[in-house]
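One-letter residues, chain by chain:
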Amino acid sequence: MAYSSEDLAIMDSIVKRYPRPRSAIMPLLHFVQSRVGFVDGEGIELIAKILTLEMAEVSAVSTFYTQYKRQPVGEYHVGVCTNTLCAVMGGDAIFAGLKEHLGVENDGVTEDGKVSLEHIECNAACDYAPVVMANWEFYDNQTVQSSKDLVDSMREGNPFPPTRGPDSLVTWKEASAVLAGINDGRAHEGVQAGAPTLLGLKISKEGK
Amino acid sequence: MSALTPVLSAHWDEKDSFTIEAYTRHGGYTASQKALAMDPDAVIQLVKDSGLRGRGGAGFPTGMKWGFIPQGDNKDHYLVVNADESEPGTCKDMPLLMANPHVLVEGCIIAAHAIRAKHAFIYIRGEVTHIIRRLNQAIEDAYKAGHLGNGVDLVLHVGAGAYICGEETALLDSLEGFRGQPRLRPPFPAIAGLYARPTVVNNVESIASVPAIINNGAEWYQSMGTEKSKGATLYSLSGHVNNPGQFEAPLGITLRQILELSGGIRTGHSLKFWTPGGSSTPIFTDEHLDTPLDYEGVAAAGSMLGTKALQIFDETTCVVRAVLRWTEFYKHESCGKCTPCREGTWWLVQLLRDLEAGKGTEEDLAKLLDLCDNILGRSFCALGDGATSPITSSIKYFREEYIAHITNKGCPFDPVASTLFVGAGV
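Order-wise, the sequence lines are chains A and B.
Start counting the first sequence at 1230; every next residue gets the next number (our numbering).
Start counting the second sequence at 171; every next residue gets the next number (our numbering).
So here's chain A without its partners, still in its complex pose:
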C-alpha cells in the first residue's frame, strides 16, 4: 500500500517523541499494523528508511514480539487466556469451544476474514477470570457460550462492546493506531472499574 503524506507526517511525529530515533521502532511497527493489518515487507522497508537502519534490524525487532503479526489477522482478533488460572477456571474449555465453533486452529482466521483466534498468556485481569480479549479490549468473566455468542456478533458485523473498554469494539487496525499512540478520542468511554476492582474499597467503606 502507499502511505499518504499524512501517514508519513504521523510517523515523523512518532520519531520526534524520543531522544533517539531508534526508540520509535515499536510504535512505528504498531502504526504499520494500523494501516496494513500486519507487518509486511514494505512496512519494514519504510521503517528502516525512516530510522536509517538495515531492514534486517527492523525485522529482528518485529519478529521478537508476538503482537506484531506476519500475516493478516481478522478484523477482530480474539485472544483466549490459557495461562494457568484462566485455563483452570474455564479458559481451556473456552479455547477448545471457539476452535470448534469457528473451525480454526490457534492463529487461524475465519474464511470471511472477520475473526482470528489465538491463545494468549496472562493479560492482567485475573480477578475477572476467565478472560477473553478482542483487539486487546477486555471481555471479562467469559463462559464457553458467551464467547461463542461474542464471535458470532463479530461475524454479523455488530460486535458486543467490551466489558471494560469503549462503548463499541474498534477494529484491529483502529486498535493498532491506539497502540501507536494516536488518540482516538474514546478514553472517556466505558466504566472506570469493574466490581472486583472495587471490592476492597466497598468492604472498607462498610467498615469491615
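Think of the hints as simulated: they come from the structure by calculation, not from any bench.
The structure presented is a predicted model; accordingly, all values stated were derived computationally and were not measured.
Glycine included, each C-beta is placed from N, C-alpha and C at the ideal position.
Mixed in with the good hints, there may be bad ones.
Computed footprint of chain B on chain A; a stretch qualifies when at least three of its residues, placed anywhere within it, have a C-beta under 8 Å from a C-beta of chain B [to be verified]:
id, stretch
1, 1236-1242
2, 1265-1279
3, 1329-1341
4, 1413-1422
Below, simulated BS3-like cross-link-like pairs (lysine-lysine); rule was C-alpha separation at most 25 Å, straight line [unchecked claim]:
id, chain 1, residue 1, chain 2, residue 2
5, A, K1434, B, K185
6, A, K1437, B, K501
7, A, K1245, B, K245
8, B, K579, B, K537
9, B, K314, B, K245
10, A, K1431, A, K1377
11, A, K1245, B, K314
12, B, K501, B, K529
13, B, K314, B, K288
14, B, K314, B, K185
15, A, K1245, B, K288
16, B, K314, A, K1431
17, B, K185, B, K245
18, A, K1278, A, K1328
19, B, K185, B, K218
20, A, K1431, A, K1298
21, A, K1328, A, K1377
22, B, K204, B, K314
23, B, K501, A, K1298
24, A, K1437, A, K1328
25, B, K501, B, K398
26, A, K1298, A, K1377
27, B, K579, B, K566
28, A, K1328, A, K1343
29, B, K501, A, K1328
30, B, K507, B, K218
31, A, K1298, B, K204
Fit chain B to the supplied structure of chain A, relying on the hints for placement.
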C-alpha cells in the same frame, strides 16, 4: 475500623475517577507542586524515610534506588516506569491505571524532579488498548494543564507482547528499539541505563504511591505495615474464591484475613495451593494461611511477596496441570539469550507433559529437579529462576500427586470440576 486502607484506590468508585477533573477534585497535583518547591535531595530523603519499597516484586527500597543516581554528573538522567505487568496472576497496575492514570503521571513528575531527570517514560504492555487510551489522555491533559512540559516530558511507550520486557534491563533494550533481552549487570541502570545514562526503573504502584507520601508525610506512611515492610499495598485475589478482587491493605495482612473479608474460598470447596506473588513465587498451601504477607514474612516461609498476586486454587485443581501450564509459559517467554533458560525450560516442558499425561517415571521426577538445579541462578535474569519455583515448590508439597499420575498412568482429576461454570451446562 476496617482492616483495609484504601489510598491508591480511595476514589476508584467515582464514575469519572480517571479524569483530570476528578483527580484534582481530590487534591491531585498538589503533591507535585509541593515536591517541585523542595530540594530534590529532600524529596529523596522523604521517600527513604517513608520506607516505601518497590512494588514490582523485588521490594528494593525506592528512595535508596533514587539515591544511587549520580548527581552533578552533567549527564541526562531518565525515569522509566515499568507498566509491563505480565507476571501470571498479577492484576493490580492495570486496574489502577484504568481507574486513575493521573496518580502515576503525578508520581512521575515528582520522581523525575528527585532524580533530576528531564525525560520520563512509561513502558506499558501492548495488550491493553483501553488503558493505553486512558493513560495517553491523562498525559495530554497534564500537558494542557501545565503539569508536564515545564521541566519534565513524559512519553508513553507501548510494548508488543513480551513478558521478558518486565525485566528492567530487557525493558530498557526494548525501549531503545531492540529485541527485549536482559543485560548483564553490573553496570546497573542507575549508572548505565537507558541510552547508557543513569536511569531509575520503578514499578507503577511504587511511583503511584509517591504523591500520597509527599502530601501526608513519611510518618503517616510508616504508621502502616510492619517493622521492615512499611505502608499499604494492593493485594490481588483471584481464582477459586467467592469474590475475587483488589484489596488495598497494610503490608503484613494474611490470606486468612483477606478471605474472611471477601467471602472465602469457593463455597463447598477447600484451599489446596496458592501463589503469594505471581507464578514465579514458590507456591503455598493451607499451612500458610496465617503467614504475614510482607517481604520478610513470606520470605521466611520459603517464598517471595512478589507482586502480591494471590492466585487461589481449590482441591479440584491438578497441581501438575497447573505447573505444566506455567512452565509452558516460561518456555514460550524465554528470550533465548541464555542457554540454561532457553534449553532448560524446553526440557522442563517435555518432562512435565509426560508426567501429566501419565507417561512419566519416578526417574523423570528426579530429572526434573536436576534440571531446575541447572537453571536456577545460571542466567542473566530471573526468568529461568522463576520457572523453577512452581516446580520445586509443588514437588515439595505435592510429591504424592506427581506419583499418582505415574501409578495411575494418567491425570486423576476431572478438568471440568475446576471450571467456574461447572454444572451450569455451558
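Results of checking the hints against the structure:
Given as covered by chain B, the stretch 1236-1242 of chain A fails the check, having 0 residues with a CB less than 8 Å from a CB of that chain where 3 are the minimum. Only residues whose C-beta sits within less than 8 Å of a C-beta in chain B count toward coverage, and the stretch 1265-1279 of chain A has 0 of them, not enough to reach three; the restraint is violated. Taking a C-beta to C-beta cut-off of 8 Å, the stretch 1329-1341 of chain A contributes 0 residues in contact with chain B, too few for the three needed, and the coverage statement is violated. Coverage of the stretch 1413-1422 of chain A by chain B holds in this model, with 8 residues showing a Cβ closer than 8 Å to a Cβ of that chain against a need of three.
At roughly 17 Å between alpha-carbon atoms, K1434 of chain A and K185 of chain B fall within 25 Å of each other, so this suggested pair holds. A hinted pair counts as satisfied when its Cα atoms are at most 25 Å apart, and K1437 of chain A with K501 of chain B does not qualify at roughly 42 Å. Proximity of K1245 of chain A to K245 of chain B is assessed by CA-CA distance (about 21 Å); at most 25 Å being required, the pair is judged to hold. Simply put, K579 of chain B and K537 of chain B have alpha-carbon atoms about 19 Å apart, close enough for the 25 Å limit, and the pair holds.
Using a Cα cut-off of 25 Å, the hinted pair K314 of chain B and K245 of chain B is violated, with the two alpha carbons roughly 28 Å apart. This hinted pair does not check out: K1431 of chain A and K1377 of chain A have alpha carbons roughly 33 Å apart, beyond 25 Å. Taken as a hint, the K1245 of chain A and K314 of chain B pair is honoured in the structure, with Cα atoms around 19 Å apart against an allowance of 25 Å. Only pairs whose Cα atoms come within 25 Å are accepted, and K501 of chain B paired with K529 of chain B is accepted, the gap being roughly 21 Å.
A hinted pair counts as satisfied when its Cα atoms are at most 25 Å apart, and K314 of chain B with K288 of chain B qualifies at roughly 18 Å. Annotation: proposed proximity of K314 of chain B to K185 of chain B holds, straight-line Cα distance about 22 Å (limit 25 Å). Note on K1245 of chain A and K288 of chain B: the hinted pairing holds, with a Cα-Cα distance of about 16 Å set against a maximum of 25 Å. This hinted pair does not check out: K314 of chain B and K1431 of chain A have alpha carbons roughly 33 Å apart, beyond 25 Å.
Taken as a hint, the K185 of chain B and K245 of chain B pair is broken in the structure, with Cα atoms around 43 Å apart against an allowance of 25 Å. Our distance criterion of 25 Å between C-alpha atoms is broken by K1278 of chain A and K1328 of chain A, whose separation comes to about 40 Å. At roughly 34 Å between alpha-carbon atoms, K185 of chain B and K218 of chain B are farther apart than 25 Å, so this suggested pair is violated. Note on K1431 of chain A and K1298 of chain A: the hinted pairing is violated, with a Cα-Cα distance of about 41 Å set against a maximum of 25 Å.
For a cut-off of 25 Å, the pair hint linking K1328 of chain A to K1377 of chain A stands: about 10 Å separates their Cα positions. Restraint check for K204 of chain B and K314 of chain B: the C-alpha separation of about 20 Å stays at or below 25 Å, so the hint holds. Proximity of K501 of chain B to K1298 of chain A is assessed by CA-CA distance (about 20 Å); at most 25 Å being required, the pair is judged to hold. Proposed proximity of K1437 of chain A and K1328 of chain A is contradicted: the alpha carbons are some 44 Å apart, above 25 Å.
Distance hint between K501 of chain B and K398 of chain B is unfulfilled; the C-alpha atoms sit about 35 Å from each other, more than 25 Å. About 24 Å separates the Cα atoms of K1298 of chain A and K1377 of chain A, which keeps this hinted pair within 25 Å; it holds. For the given pair, K579 of chain B sits about 21 Å from K566 of chain B by alpha-carbon distance, which is consistent with the 25 Å threshold. As the CA atoms of K1328 of chain A and K1343 of chain A are separated by approximately 14 Å, the hinted pair is consistent with the 25 Å bound.
Under the criterion of a C-alpha separation no larger than 25 Å, the hint pairing K501 of chain B with K1328 of chain A is consistent with the structure, at around 23 Å. Simply put, K507 of chain B and K218 of chain B have alpha-carbon atoms about 35 Å apart, too far for the 25 Å limit, and the pair is violated. Between K1298 of chain A and K204 of chain B the alpha-carbon distance is near 46 Å, which puts this suggested pair outside the 25 Å criterion.
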